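Two chains, two separate frames, one set of hints: put the complex together.
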Amino acid sequence: MNKYLRKALIYLFSFIVIVIIWGVACEIVGNDYVLPSPWETFAKLGDVIGQKNFRTAYGNTMLRSLISFAISLVAALFVATLSKLSRILREMIVPVLAVMRSLPTMAVILMLLVWLNPGTAPIAVTIMVILPMLYTSALAAFDQVDIELISMCRVYKVPVLKRILHVYLPISGAYLVSESGAALAFSVKLMVSAEVLSNTYKSLGGMISQSKVYMDMPEMLALTMFAVATGVAIELLFGLIQRLLFRWRDYD
Amino acid sequence: MIRIQQLYKSYGREVVFDNYNLNIEDNKITCIMGPSGCGKSTLLNILAGLIQYKGSVTGLPDRISYVFQQHNLLPNKTLLDNVKFVAPDYTDAEALMELLGLREFMHKYPSQVSGGQRQRAAIARGIAYEPDLLLMDEPFSSVDHNLKLQMLQDLRRIIKDKQITCIVVTHDKEDAEIFADKIEVMEEGKGKK
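These protein sequence lines map, in sequence, to chains U and R. Mind the numbering: the first sequence is residues 1 to 252 in our numbering, read in order. Mind the numbering: the second sequence is residues 253 to 445 in our numbering, read in order.
Heads up, a few of these hints could be off.
Claimed, not checked - For lysine-lysine, the following DSSO-like pairs were computed, each having C-alpha atoms within a straight-line distance of at most 30 Å:
| no. | chain 1 | residue 1 | chain 2 | residue 2 |
| --- | --- | --- | --- | --- |
| 1 | R | K360 | R | K414 |
| 2 | R | K280 | U | K3 |
| 3 | R | K414 | U | K212 |
| 4 | R | K280 | R | K425 |
| 5 | R | K329 | U | K7 |
| 6 | U | K157 | R | K360 |
| 7 | U | K189 | U | K7 |
| 8 | U | K157 | R | K434 |
| 9 | U | K84 | U | K162 |
| 10 | U | K3 | R | K412 |
| 11 | R | K360 | U | K7 |
| 12 | R | K412 | R | K434 |
| 13 | R | K414 | R | K434 |
| 14 | R | K336 | U | K157 |
Said to hold, decoys possible - Only part of the chain U face toward chain R is listed, based on derived beta-carbon distances under 10 Å:
| no. | residue |
| --- | --- |
| 15 | E148 |
| 16 | L149 |
| 17 | S151 |
| 18 | M152 |
| 19 | C153 |
| 20 | R154 |
| 21 | V155 |
| 22 | K157 |
| 23 | K162 |
| 24 | H166 |
| 25 | P170 |
| 26 | A174 |
| 27 | F246 |
| 28 | R247 |
| 29 | W248 |
| 30 | R249 |
As the list claims (entries may be wrong) - Which chain R residues stay away from chain U? Per the calculated CB distances, all over 10 Å, these:
| no. | residue |
| --- | --- |
| 31 | M253 |
| 32 | K280 |
| 33 | V309 |
| 34 | K329 |
| 35 | D384 |
| 36 | K400 |
| 37 | Q405 |
| 38 | R409 |
| 39 | K425 |
| 40 | E429 |
Keep in mind the hints are simulated off the structure, nothing from the lab. Just so it is clear, the structure is predicted and the values come from calculations on it, not from any experiment. Beta carbons are placed, not taken as given, at the ideal position from N, Cα and C, and that holds for glycine.
With the rest of the complex left out, here is chain R (with noise of 0.2 Å):
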């Protein structure tokens, strides 16, 4: 299990976390909503090890994937490649990029394919590498809506049966509902539950 206790964050004087608590469960997906600017990605960038913070995070394990918002996906690489770049001995990289959609897609680069399509292919990388903790920042947002319910299934599935514990950052109530075990509510200012 994952603990977040005491935790303290601040952007000079905005304080984005004060004496916030949260359990996460292992092999569980939590869905974390809350209104815009409550923290929710300063605790994904925490847990992920990219920002200091003040506070005790406990339980974290060693393979990390995060699926940014913004995808971050090299502009130089094919989506494929992206894939293979953080996860060279994965096998199945085609048949998961197949699975979400970008079959036709693989071989190109990020800035020939739409937003939703890029943002697929951070999952696919997500995945790939195998992690023990799943960190999504908004996956959903750019994703076709016809596209969304299938994959929501298919990914819940994969994250299911790798037993990856994985924490998702949305705004859209009904994927948290479809997608999450759990869901946790940050309030504005503080984080408290």
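Chain U on its own, in the form it takes in the complex (with noise of 0.2 Å):
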């Protein structure tokens, strides 16, 4: 059986096994307003996913974690560099490093919203989260080109340019790609969740902070799973990007 079909059905059999542990789980609490059924949430779904506001809210919420995503990428690779460049730029960095991870999220979007406003605050907190993770990233890819391969290119008068394009690019490039699916995929869910603390307006997690003021618990479960969905679509794209670009890793 080709591998891939076989990571699906794997996929689809978990999910099945989800929705029917969910179904008993239903069963058992009785009570649609706690927990709804699994078909009322994907009747729900359905529905939501018609709906053009939803639509709006969810491309907000994308293009959000996408410009996140795109700072804080470009952000940490050229730090990377630097630190790469300069050992005691290195090592400044690893308090500042230490500092925003340590940072309680919701603690700085309560913060970030006395001076930001509702749609740029779940930015600038998604940025906070997600710039020390790919600077990490960007410098492992960035060591995954091996000290004797660079050895390799001294002896054979490999030219600069050309060791950029076909020995760090290619080596570090596949290793950050792999690395940015899980960051962006992180990102969404971050957004989601500074949204709703934000209840930013048009936007996925906006449309969750309204569904529990309402108590419409199917809508709430269908947008959360909505956005877990698009987590593992991400993830499965930079996977299949991977695949693509960089063919030779399939087989280390």
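In structure tokens:
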């Protein structure tokens, strides 16, 4: 059996198991306001997807997530490159990263809401969380290029541009693409959480927040499921990009 | 002639070479033998310009190839593309790889082939670069015994035809006797002959 088909069947099987457990739990609870059934949630999901305001909200959330991710990636690559060139800078960044990693996300969102508006505060907090992750990944990606390969390039007098294009970019890039998929999926998750707290207008998080106000559990679950599906789709997409661009890694 | 005079090299407190002298004749294959840790690979790294040292090394040519012990092939390129990566103008890459028994494997990635096949690809890369000096660090250690004798003879013929000066580090006396014009034996500690 094709290994991708096998993987898809395993994913499908785990999804069915989750839905069965959810259905059983729903029967045990016996209260749709507390835990709606999978069927009711899927029906609601279909309804929600058909609404124009959902599509606008989803688009806004994805756009914010992409902006946060893009800014974080560019900044992480820039700082990681400088860190690679300067050991002092690399050491100076360590405590900054430690602080950024330790920041309580919820508290930061509440503070940012004072300084920024509900549309930009989620972007800022997502950058603050994703940037250190991507910086670490970028440094690790640079380290993927074995020092022995650099020695080989030196002996054979390979020009710098050729080294960048044929050695650094493919080897570091392959690692960074796989890490970026996880980081972008995490950005979406964070963005939705930040939007819920900020009650951002016309956003997926804002819609979830509204569902909570009206105690519309099926809608809340349907929107959450959609956010989860988006994260999974992003990781699968990046996995596919990696397989297409860096086929050689399949054999590693 | 490559002249190594009063060579001194240490790693921290561990002295690898202390006043070491060696002459390498042009267009000859010189095998360097000696116990592990006596500085054989360090000597090749010095000649390849990869590490700092004290002393004098003269007569080094401009074009140097190095067949590393760990092959150092790019994982993102096929064996043939690895050869072409350092020698884009070399037209006989495929024929050379065939000669080294890599016809069926030249379009495979390094991770898809055995250690011996990687080592042979690294040798092909070293020759395709058309060097004046070819350095090889234990190049036959992973090569299948049945293939080795023919390969040593073919490789020797190519090196002689192309008039390449070659320095080979090996621990195998039999390989050295078949392959080399001259054998240098290094002693542990001070790199004395």
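Verification of the supplied hints:
no. : hint             : verdict
1   : K360/R to K414/R : holds (28 Å)
2   : K280/R to K3/U   : violated (53 Å)
3   : K414/R to K212/U : violated (80 Å)
4   : K280/R to K425/R : holds (18 Å)
5   : K329/R to K7/U   : holds (27 Å)
6   : K157/U to K360/R : holds (25 Å)
7   : K189/U to K7/U   : holds (24 Å)
8   : K157/U to K434/R : holds (29 Å)
9   : K84/U to K162/U  : holds (20 Å)
10  : K3/U to K412/R   : violated (49 Å)
11  : K360/R to K7/U   : holds (25 Å)
12  : K412/R to K434/R : holds (14 Å)
13  : K414/R to K434/R : holds (18 Å)
14  : K336/R to K157/U : holds (14 Å)
15  : E148             : holds (5 Å)
16  : L149             : holds (6 Å)
17  : S151             : holds (5 Å)
18  : M152             : holds (4 Å)
19  : C153             : holds (9 Å)
20  : R154             : holds (7 Å)
21  : V155             : holds (5 Å)
22  : K157             : holds (8 Å)
23  : K162             : holds (8 Å)
24  : H166             : holds (6 Å)
25  : P170             : holds (4 Å)
26  : A174             : holds (8 Å)
27  : F246             : holds (7 Å)
28  : R247             : holds (8 Å)
29  : W248             : holds (5 Å)
30  : R249             : holds (8 Å)
31  : M253             : holds (21 Å)
32  : K280             : holds (21 Å)
33  : V309             : holds (15 Å)
34  : K329             : violated (7 Å)
35  : D384             : holds (13 Å)
36  : K400             : holds (24 Å)
37  : Q405             : holds (26 Å)
38  : R409             : holds (24 Å)
39  : K425             : holds (28 Å)
40  : E429             : holds (28 Å)
In the structure shown, a violation is registered for the earlier hints numbered 2, 3, 10 and 34, in ascending order.
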